[in-house]
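J.: Numbering (mature numbering (1 follows the signal peptide of the UniProt record, and there is no 0)), first residue to last: -24 to -1, 1 to 170.
Derived by calculation from the structure, the hints in this document are not laboratory data.
It cannot be assumed that every hint is accurate.
Claimed, not checked - For each label pair, taking beta carbons as the anchor points, the in silico distance ranges come out as:
(1) Arg113 / Asp48: 28 to 36 Å
(2) Lys30 / Gly135: 28 to 36 Å
(3) Glu101 / Lys12: 18 to 26 Å
(4) Lys120 / Gly84: 31 to 39 Å
(5) Asp48 / Gly4: 35 to 43 Å
(6) Gly84 / Gly104: 34 to 42 Å
(7) Asn18 / Met130: 18 to 26 Å
(8) Met130 / Gly84: 39 to 47 Å
Claimed, not checked - Here are the simulated lysine to aspartate or glutamate pairs, EDC-like style, with alpha carbons at most 16 Å apart:
(9) Lys64 / Asp131
(10) Lys64 / Asp133
(11) Lys30 / Glu118
(12) Lys32 / Glu118
(13) Lys30 / Glu80
(14) Lys32 / Glu108
(15) Lys67 / Asp131
(16) Lys120 / Glu80
(17) Lys67 / Asp133
(18) Lys120 / Asp31
(19) Lys67 / Glu108
Predicted, not measured: the structure shown is a model, and the values here were computed from it.
For every residue, glycine included, the Cβ atom is placed at its ideal position computed from N, Cα and C.
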Amino acid sequence: MSKTILGAAVAALALSLSAPVATAADEGIMKYAINKPSTAWNVYGPGQTNAYVKDKAVVGGGGVRVAVATPDPAAAWRVSGSQAVNGKIAKGDVITVAFWAKAEAVEGGAPTATVTNVRVQQSAEPWGGIVEGGAIRVDSAEWKIYTVSGRATMDADKGGAAVSLHLGSARQTLVLGPLFVLDFGANYDPSQVK
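Given these sequences and hints, build the entire structure.
T.: Structure representation (structure tokens):
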């Protein structure tokens, strides 16, 4: 699956947020989803404010606006957005995290923001990394889908994982839209989604 095809598939998946429940034959890429696609971000940490905002320009009708006023570049994880992963993950599975986001200008600057790390992690201590995705530059005031893929380095029981986006590296404002977590299994080539 190429990046273009994956983007189209995730966009189609996003449309399912507002569509009637699909039958098994209509599932398509939904059969790989291991979360309930949602804008229900749990945003936490010092020096930030967050609130749900309505926006008809994104599938699902809105997102969570996060304004980081007091950044901590050395510990960007202190301000994070997270969502639960409901499904089970097996070590070696190829996992793709896809989320809608847009940036807002801060003090007359360009509309950009940096997510310093996108990770799938254990949902309880010791918070071990299952998939480490690295940094993503949210570079537009328009909604875009951002993706990270990797191979799981450990197992996670059903409900034992979460996605975490580290947001506290800079003074910035971004809006987080729907999140999708897909598990393509161990036999999938992750280079096909990069």
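J.: All the hints need checking, so say for each whether the structure fits it.
T.: Checked hints:
Taken as a hint, the range 28 to 36 Å is violated for the pair Arg113 and Asp48, whose Cβ atoms sit roughly 19 Å apart. Distance hint check for Lys30 and Gly135: the Cβ-Cβ separation is about 29 Å, which falls inside the suggested range of 28 to 36 Å. The hint said 18 to 26 Å for the Cβ distance between Glu101 and Lys12, and at roughly 24 Å that hint holds. With their beta carbons about 22 Å apart, Lys120 and Gly84 fall outside the hinted range of 31 to 39 Å.
Between Asp48 and Gly4 the Cβ separation comes to about 41 Å, which falls inside the hinted range of 35 to 43 Å. Hint check: Gly84 to Gly104, Cβ distance near 41 Å, so the stated range 34 to 42 Å holds. Distance hint for Asn18 and Met130: a CB-CB separation of about 22 Å, consistent with the stated range 18 to 26 Å. Distance hint for Met130 and Gly84: a CB-CB separation of about 44 Å, consistent with the stated range 39 to 47 Å.
For the proposed pair Lys64 and Asp131, the alpha carbon gap of about 8 Å is at most 16 Å, so the pair holds. Distance check on the hinted pair: Lys64 and Asp133 sit about 5 Å apart at the alpha-carbon level, within 16 Å; holds. About 14 Å separates the Cα atoms of Lys30 and Glu118, which keeps this hinted pair within 16 Å; it holds. The hinted pair formed by Lys32 and Glu118 meets the criterion: a straight-line CA distance of about 12 Å does not exceed 16 Å.
Taken as a hint, the Lys30 and Glu80 pair is honoured in the structure, with Cα atoms around 15 Å apart against an allowance of 16 Å. Of the pairs offered as hints, the one joining Lys32 and Glu108 is violated, with about 31 Å between alpha carbons and a cut-off of 16 Å exceeded. Proximity of Lys67 to Asp131 is assessed by CA-CA distance (about 5 Å); at most 16 Å being required, the pair is judged to hold. For the hint pairing Lys120 with Glu80, the CA-to-CA distance comes to about 13 Å; that is within 16 Å, so the pair holds.
At most 16 Å may separate the alpha-carbon atoms for a hinted pair to count; Lys67 and Asp133 meet this at roughly 11 Å. As the CA atoms of Lys120 and Asp31 are separated by approximately 13 Å, the hinted pair is consistent with the 16 Å bound. Taking the CA atoms of Lys67 and Glu108, the gap is about 13 Å. The hint holds against a cut of 16 Å.
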